[in-house]
Amino acid sequence: MSTHDPMMEMYLFETNQLLNRLEQLCMDAERKQDISEEIPEIFRIMHTIKGNSMMMLLEDIGKVAHRIEDLFDKLDDISLSSAAIETIIDYNFEAIDFFKREMNKLELGGKADGSSFDLVQKIEAFLESISNGEKPMVPPVSSDQKYFIPPSDNQTSFIASEQATPDAYFARLFFDDDAQMENVRAFTIVHNLKDKAEDIVYFPEDIVENEGSIDKIKEDGFFILFKTSESQEEIHQYFSNLAYINNQEVNLIEDQDYDSILQDLKPKEEVVQAEPVASPPKVEEVSTVGASKQNFISVDVQRVDQLMDLVGELVVAESMVVNNPDLLGLKLNNFDKASRQLRLVINELQDIIMSVRMVPLSMTFQKMSRIVRDMKKKVNKPVELELVGEETEVDKNVIEKIGDPLMHIIRNAMDHGIEDPASRLEAGKDEVGKITLSASHVGGDVVISIKDDGKGLDKERIYDKAFEKGLITKPMDACSDQEIYQMIMNAGFSTKVEVTEFSGRGVGMDVVAKNIESLGGAIQINSEKGVGSEITILIPLTLAIVDGMMIRVADTIFTLPIMSVKESFIVSQDEVISNSDGQEMVMIRGTCYPVIRLDKHYDIKGSHLDHEGIFVMIEHDDEQVLLFADELVGEQQVVVKSLSKYIKKVKGISGFALLGDGQISMILDPSGFMMA
Amino acid sequence: MNTLQDEIQEIKDGMDFDAEKYLTFSIGNDKYGMDIKFIEDIIGVQKITSVPNQPDHLKGVINLRGIIIPVIDIRVRLNKELRAYDDRTCIIVVNMEDASVGIVVDTVLEVVSIEDKNIANPPSYDQEGDNQYMKGIGKFKDDVIIIVDCYALISES
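Chains as they are written, first to last, in the numbering used here: chain A, 72 to 747; chain B, 7 to 163.
Check the hints yourself; a few may be wrong.
Unchecked claim - For lysine-lysine, the following DSS-like pairs were computed, each having C-alpha atoms within a straight-line distance of at most 30 Å:
1. A/Lys676 / B/Lys53
2. A/Lys676 / B/Lys86
3. A/Lys145 / A/Lys438
4. A/Lys176 / A/Lys448
5. A/Lys720 / B/Lys86
6. B/Lys53 / A/Lys720
7. B/Lys43 / B/Lys145
8. B/Lys141 / A/Lys720
9. A/Lys722 / B/Lys53
10. B/Lys27 / B/Lys37
11. B/Lys53 / A/Lys719
Please keep in mind that the hints were generated in silico from the structure rather than gathered at the bench.
Bound conformation, chain A alone (with noise of 0.2 Å):
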């Protein structure tokens, strides 16, 4: 991204924002099949589009914008079949994925070099036959385009005419009041007119070296003066084309009068000034773009996170002031009473600074509807979508690691777990299969959860294929449905026979079970045959900065998660009873909790555990395990650093801390502990 300039990077950013919000809508309208109400604002967009792309010299992608522009300026008046919504909204999908395929190109770095002769063309006859007021026919559609033919000349829309002397045309254009960027504006105006006039003179003339000439430019418009052999109709027509024309005036002059205000043009503004203005610039209400202003900034992630990083040592370091050694045993009201107040003010800095990173998660749902929208004509199942809880939001890092697991998963569900209609009807179920993509906040995990209401997994299928592939050894019945479902993680594990173009081969929730480990997540996945199966997702919100409780165990410092403590008690080493394998257990209430002597069972000398200490109950997936310590050392909040990839991965620590005298403590990773 670096490479490129200021302006290419806007303008990628503000499009690729534009063309979310754009499929969205479409995927609105097409839901309620009406798409009376999302004109306006699709109208607007793809006149911003088409605003900035001819801006920023992509003249294709401006054209299919304009065309889309026509279309939806037409549909204001025009009473619409459902059949024609439908072959609109299809059009508009086919230009979001042209655009799409342009921005993704433009980010590498190359050329937006793909022709939209074919979508131009269609849309255009089909914008001919509805304005016709006939009924509307779906053009035909060529099965495979070509997206790299360069445009050929006779697509351009300049037609040279015939005329063989150029007449000399005075044109005085005015801007939007929010163009911005004026000058710019007005070179590539004039940059491109020289393709098909000569003798360009334009007013102000330092309009790329000084940017003062934005000003003038607002006030009195900018002038051009040119010769050239079209018509005035068409430089009309190609003025009104451009981005951000406000007002235009186009006057053919007589060889008499070119040099008079090539005269006047030349010497200093009062000249200009003086010219008379035929018609006062009227503001048009249309081309105000973006009725809501953003008050977004975009910042690099990267500084982010340096933020997040500052912030961690900033509350480590305020906990090494308050909890100096030095003030042990004195009294300082004042000192306390600040400190609070600092307490204060860090704790909301640092939820404000993990509230940047977090982001919605609802434009990753709405690109699982989209591929739902394009599977489902593809592998003719009707699949209705539902989502759930998209406003839920999730750290940064997640949404881009989430986006490609979720649709493996997606995919799977439409591809092998929802059947075909007639055998849907056949078993009694709703012909329009389900899937329900859902996510919400538990503890302190991020659950997503993918559900379907398809045929469900095949056991004894995933099962007979594990064990011809060596992945299971263990009898059937000795297997947990879990164990047998999680095969279906492993690379290349597939039982479908036949490849097709959405799944099969294997791949796809082998990337699953990758990335979501490396969000430090975990899957579940359920299945009823013949009812559906579901698959869930959880994730830990953020990985930053963990709310602990400290636990000594000798001289070492253990870090425990606090939204993972249940409780802390004190009982007599009586009560601990073994079982035959020696397994210390602690009945409470009724219920037998398995212990685990934290020294013992990380080989910890100098503990004194065998009369006295503590018992920290800790839960992890409804699952209960008491960690026998020392001692309870206090509660504060810690950073959390990764391990060194030089240090051993050991199950039950997922970090490092440090603690506010300096001091390093193990954060423990409650799900390290359970029993299963």
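Since chain A is already given, all that's left is putting chain B on it; use the hints.
Same frame as chain A, now just chain B:
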């Protein structure tokens, strides 16, 4: 110690690769050397927090100005008898592949430059023993300096 560190920084800034510079340190009566281009810092020994279930040579982790880095004891690596840490004990922090690791040595001595021609290949009779951490044997003035292989020292087993 600071002066030595400054010296290392200076050398690293204007590094010239013709005559390799080595930081020498002692283990018992032997002198060892380490290529200074990997060296990030030299610090006195500080409290090492041990981490369970790690190989013997990995003594634990330390807090180096807010960054937690693992520390290995070179004596374990070289199969030497262990020795209690004292105030001459140093931790040499090396940075390889963007990860820092501390190496505990008895004490650091000085920075010397040894030309390549004065470095002999290590004897090859014993691949199993401590030789795998040895890169060569250098001569400097009257001393013999065993040059260690940083990569081998810090990478696993």
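Consistency of the hints with the structure:
1. A threshold of 30 Å between alpha carbons decides the hint, and for A/Lys676 with B/Lys53 the separation of about 16 Å falls inside it, so the pair holds.
2. Taking the CA atoms of A/Lys676 and B/Lys86, the gap is near 24 Å; set against the 30 Å cutoff, the hint holds.
3. The hinted pair formed by A/Lys145 and A/Lys438 meets the criterion: a straight-line CA distance of about 29 Å does not exceed 30 Å.
4. Taking the CA atoms of A/Lys176 and A/Lys448, the gap is about 27 Å. The hint holds against a cut of 30 Å.
5. Of the pairs offered as hints, the one joining A/Lys720 and B/Lys86 holds, with about 27 Å between alpha carbons and a cut-off of 30 Å not exceeded.
6. Distance restraint check for B/Lys53 and A/Lys720: the Cα-Cα separation of roughly 22 Å lies within the 30 Å cut-off, and the hinted pair is therefore satisfied.
7. Restraint check: the Cα-Cα separation between B/Lys43 and B/Lys145 comes to about 19 Å, which is no more than 30 Å; the hinted pair holds.
8. With a CA separation close to 29 Å, the supplied pair B/Lys141 and A/Lys720 stays within the 30 Å bound.
9. With a C-alpha separation of about 24 Å, the suggested pair A/Lys722 and B/Lys53 falls inside the 30 Å cut-off, and the hint holds.
10. For the suggested pair B/Lys27 and B/Lys37, the alpha carbons sit about 15 Å apart, so the restraint of at most 30 Å is met.
11. Proposed proximity of B/Lys53 and A/Lys719 is supported: the alpha carbons are some 20 Å apart, at most 30 Å.
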